[in-house]
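S.K.: Chain by chain, the residues run as shown.
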Amino acid sequence: MTKLRHAALIALTLILMTLLLLLPLGIIFTQAFSRGWGAVVDALTDPEAMDAIRLTLMVAAVSVPLNAVCGTAAAWCIGRFQFPGRSLLTTVIELPFSVSPVISGLVWVLLFGANGWFGSWLDGHGVRIIFALPGLILATVFVTFPFVARALIPLMREQGAAEEEAALTLGATGWQTFFRVTLPNIRWALLYGVLLCNARAMGEFGAVAVVSGHIRGQTLTMPLYVEALFNDYDWVGAFSVAALLSLLALVTLGLRFLLERQMGGSRRDII
Amino acid sequence: MSLELRDVRKQFGRTAALDGLSLSVPRGEFLALLGPSGSGKTTLLRVVAGLEFAESGAIEIDGRSMRDVPARKRGIGLVFQHYALFRHMTVARNVAFGLEVRRRRERPAAAAIRCRVDELLELMGIGELASRYPEQISGGQRQRVALARALAIEPSLLLLDEPFGALDAKVRKNLRIWLRELHNRMGLTSIFVTHDQNEALEMADRVAVLRAGRIEQVETPDRLYAEPINAFVHEFLGESVRLECVVSDGVARFHGLCRVRLPTRCDPGPAIALLRPHEIGLLASPGPARVESVHATGPMARVRVALAGRITEVLLPEGADLPAVGESYGVDLSRARIYSAASSLY
Numbered sequence: 001m002t003k004l005r006h007a008a009l010i011a012l013t014l015i016l017m018t019l020l021l022l023l024p025l026g027i028i029f030t031q032a033f034s035r036g037w038g039a040v041v042d043a044l045t046d047p048e049a050m051d052a053i054r055l056t057l058m059v060a061a062v063s064v065p066l067n068a069v070c071g072t073a074a075a076w077c078i079g080r081f082q083f084p085g086r087s088l089l090t091t092v093i094e095l096p097f098s099v100s101p102v103i104s105g106l107v108w109v110l111l112f113g114a115n116g117w118f119g120s121w122l123d124g125h126g127v128r129i130i131f132a133l134p135g136l137i138l139a140t141v142f143v144t145f146p147f148v149a150r151a152l153i154p155l156m157r158e159q160g161a162a163e164e165e166a167a168l169t170l171g172a173t174g175w176q177t178f179f180r181v182t183l184p185n186i187r188w189a190l191l192y193g194v195l196l197c198n199a200r201a202m203g204e205f206g207a208v209a210v211v212s213g214h215i216r217g218q219t220l221t222m223p224l225y226v227e228a229l230f231n232d233y234d235w236v237g238a239f240s241v242a243a244l245l246s247l248l249a250l251v252t253l254g255l256r257f258l259l260e261r262q263m264g265g266s267r268r269d270i271i
Numbered sequence: 272m273s274l275e276l277r278d279v280r281k282q283f284g285r286t287a288a289l290d291g292l293s294l295s296v297p298r299g300e301f302l303a304l305l306g307p308s309g310s311g312k313t314t315l316l317r318v319v320a321g322l323e324f325a326e327s328g329a330i331e332i333d334g335r336s337m338r339d340v341p342a343r344k345r346g347i348g349l350v351f352q353h354y355a356l357f358r359h360m361t362v363a364r365n366v367a368f369g370l371e372v373r374r375r376r377e378r379p380a381a382a383a384i385r386c387r388v389d390e391l392l393e394l395m396g397i398g399e400l401a402s403r404y405p406e407q408i409s410g411g412q413r414q415r416v417a418l419a420r421a422l423a424i425e426p427s428l429l430l431l432d433e434p435f436g437a438l439d440a441k442v443r444k445n446l447r448i449w450l451r452e453l454h455n456r457m458g459l460t461s462i463f464v465t466h467d468q469n470e471a472l473e474m475a476d477r478v479a480v481l482r483a484g485r486i487e488q489v490e491t492p493d494r495l496y497a498e499p500i501n502a503f504v505h506e507f508l509g510e511s512v513r514l515e516c517v518v519s520d521g522v523a524r525f526h527g528l529c530r531v532r533l534p535t536r537c538d539p540g541p542a543i544a545l546l547r548p549h550e551i552g553l554l555a556s557p558g559p560a561r562v563e564s565v566h567a568t569g570p571m572a573r574v575r576v577a578l579a580g581r582i583t584e585v586l587l588p589e590g591a592d593l594p595a596v597g598e599s600y601g602v603d604l605s606r607a608r609i610y611s612a613a614s615s616l617y
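Chains A and B, in that order, give the protein sequences.
If you read the first sequence in the working numbering, its first letter stands for residue 1, the second for the next number, and so on.
If you read the second sequence in the working numbering, its first letter stands for residue 272, the second for the next number, and so on.
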């Protein structure tokens, strides 16, 4: 009886997974390739598509390293030290996860938009943040901030500061301690966080949509470009770019699987 | 080198971890810091190593103040309680660490470092473990690696935090003897922290007993054991029988033992008499000690007696006649140490 129930549950899960995950993924690729390879290549090499890809890579190239550095610093503070406001800081780091992405975009418009707090001052100095690259980066950084810190905090807390202290007593400087002891100990978790951060940075829609202004060839990242094409009834184009994004997701998934195995197993040097 | 601590204070929140502690350790000494948990032993080591900072007081190494010297420049070898080996490095890389992080001018050549590492591992008796990772070796071996790593920088002072705490009893005993020999052979000055009085008394040149961030007594093991300065030290150093008494006119009188009177230099007033179980004598004549049970296994017989309203253990010397259960005997308490109750509050 229980065996039957188990089988039924597993079957149900598989059916749901197929319907909700695999089927849409399959549709993306079949739609993209519905007119053959040539159409996909054409869609992806279209100047506007190239601009979108370039912009997405640029946003990720700035926000991911920035978040890797800040996230590591935040995790180090929280994981290693006791200080007043520590648990508050931990909660604040998670804030972007609990806030709607639209709001994450809207705060920047409120701060730096034409009618925002600093809007007129920025305008007077000829600085454009909203409806421009800086705005896209700010929104992305905000939305993806928690990934790295979240991946590191539990690990750093568990590892404690003893190895770093040992390095100090052995004569290492702060930087030597960081690069020779701290970083190697957290590298897999850091890579894991960076990976998730990158996937989200490239795929973020809501927050970016608010600050983008949808200027074709200038402020459309890949997800926004997909929407624009979709609204123009350019199905093949939309699904081609979507397929590229999905591919990124699949690669991320694969790497994530490998990293989780790496972190679960031995932590020692594999080089 | 020598270490001098004067009136060192360190607070954690409202509790004083070190409460005006002074201590001096001459060159070549092997000193044990003994005390219950929370007495400030580990804090003291960390303050000396430069990992914690004292609020006030002076720390001097060879007469040089350590006030503005950061941990990495103190040249102190610290062996952590759980060893804190670098888990992503091989044993050899762990030991080489302190040499590899030196500035280029002071750093030995790669070949010289390798040579020194091999030498140290050989000295520790773990030469064959050089290419292993910390997680692949046993606790005792890890401890030797931690020691080799600390010694690689040729420290002027070696600090060991509960060096045997995480090891099983047999390994512990062997390592004690080995560590003591190593200290002598290398001409080190060492301080080690322990809460195990046997370990401290067996290994150290001198033992400092800590309580609540203060040093109660610093003495050689035999004098410490023979002449504890107060009831705390007496009871911490080993099994103690505690009897309450009152001192007046230079004589201690015991409640319920009206015939026992011990001359003492203790201040008048309520006091505490402390004895080791083997220091209590059972007399052949009848008296106040009623024998409850006798355990004669082992070299010394253990006798439980009811004395002055409480059960007390007495160790009889080897070959002594065994008392009969249920009979009452006289007791000889003349070897008792008497401490004023006012100074024994804790």
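No lab work stands behind these hints: they were computed from the structure.
In this text the structure is predicted, and so the values were computed from the model without any measurement.
Backbone N, C-alpha and C define an ideal beta-carbon position, used for all residues, glycine too.
There could be a bad hint or two in this list.
Claimed, not checked - Distance ranges between label pairs, derived from CB positions: (1) A:Leu255 / B:Arg373: 29 to 39 Å; (2) A:Val69 / B:Gly284: 31 to 41 Å; (3) B:Glu377 / A:Leu110: 54 to 64 Å; (4) A:Glu158 / B:Glu377: 26 to 36 Å; (5) A:Leu255 / B:Gly299: 37 to 47 Å; (6) B:Gly284 / A:Thr13: 15 to 25 Å.
What the hints assert, rightly or not - Sample of chain A residues lacking proximity to chain B, with all beta carbon distances greater than 10 Å (derived): (7) Leu111; (8) Phe131; (9) Pro184; (10) Leu190; (11) Val236.
Said to hold, decoys possible - Some but not every residue of chain A turned toward chain B, in silico, with C-beta under 7 Å: (12) Asp123; (13) Pro154; (14) Glu158.
S.K.: Do valine 69 of chain A and glycine 284 of chain B keep their Cβ atoms within the hinted range of 31 to 41 Å?
M.R.: Holds, since valine 69 of chain A and glycine 284 of chain B (Cβ atoms, about 32 Å apart) stay within the stated range.
S.K.: Report holds if the minimum CB distance from leucine 111 of chain A to chain B is greater than 10 Å, and violated otherwise.
M.R.: With a cut-off of 10 Å, leucine 111 of chain A remains clear of chain B, as the shortest Cβ separation is near 39 Å.
S.K.: Would you check whether the claim that phenylalanine 131 of chain A is not at the interface survives, using Cβ distances to chain B and the 10 Å cut-off?
M.R.: The assertion about phenylalanine 131 of chain A holds, with a minimum of 46 Å to chain B.
S.K.: Has the hinted range 15 to 25 Å been met by the Cβ atoms of glycine 284 of chain B and threonine 13 of chain A?
M.R.: violated (51 Å)
S.K.: For leucine 190 of chain A, is the shortest beta carbon distance to chain B beyond 10 Å?
M.R.: At roughly 13 Å from the nearest Cβ of chain B, leucine 190 of chain A sits farther out than 10 Å, so the non-interface label holds.
S.K.: Please check whether glutamate 158 of chain A and glutamate 377 of chain B have a Cβ separation lying inside 26 to 36 Å.
M.R.: Because 35 Å falls inside the window, the suggested range holds.
S.K.: At a threshold of 7 Å, is the proposed contact between proline 154 of chain A and chain B supported by beta-carbon distances?
M.R.: violated (17 Å)
S.K.: Given the hint of 29 to 39 Å, check if leucine 255 of chain A and arginine 373 of chain B actually sit that far apart at their C-beta atoms.
M.R.: holds (38 Å)
S.K.: With 10 Å as the threshold, tell me whether proline 184 of chain A passes as away from chain B on beta-carbon distances.
M.R.: It is violated; proline 184 of chain A is separated from chain B by about 4 Å at its closest Cβ, not greater than 10 Å.
S.K.: Given a cut of 7 Å on the nearest C-beta pair, is the interface hint for glutamate 158 of chain A held or broken against chain B?
M.R.: This interface hint is violated because 12 Å lies over the 7 Å limit.
S.K.: Quick check: does the Cβ-Cβ distance between glutamate 377 of chain B and leucine 110 of chain A fall within 54 to 64 Å?
M.R.: Holds - the Cβ-Cβ distance for glutamate 377 of chain B and leucine 110 of chain A, about 56 Å, lies within 54 to 64 Å.
S.K.: In terms of Cβ atoms, is chain B entirely out of 10 Å range of valine 236 of chain A?
M.R.: Per Cβ check, valine 236 of chain A is outside 10 Å of chain B; nearest 49 Å; holds.
In terms of the numbered hints stated before, the structure departs from hints 5, 6, 9, 12, 13 and 14, listed from lowest to highest.
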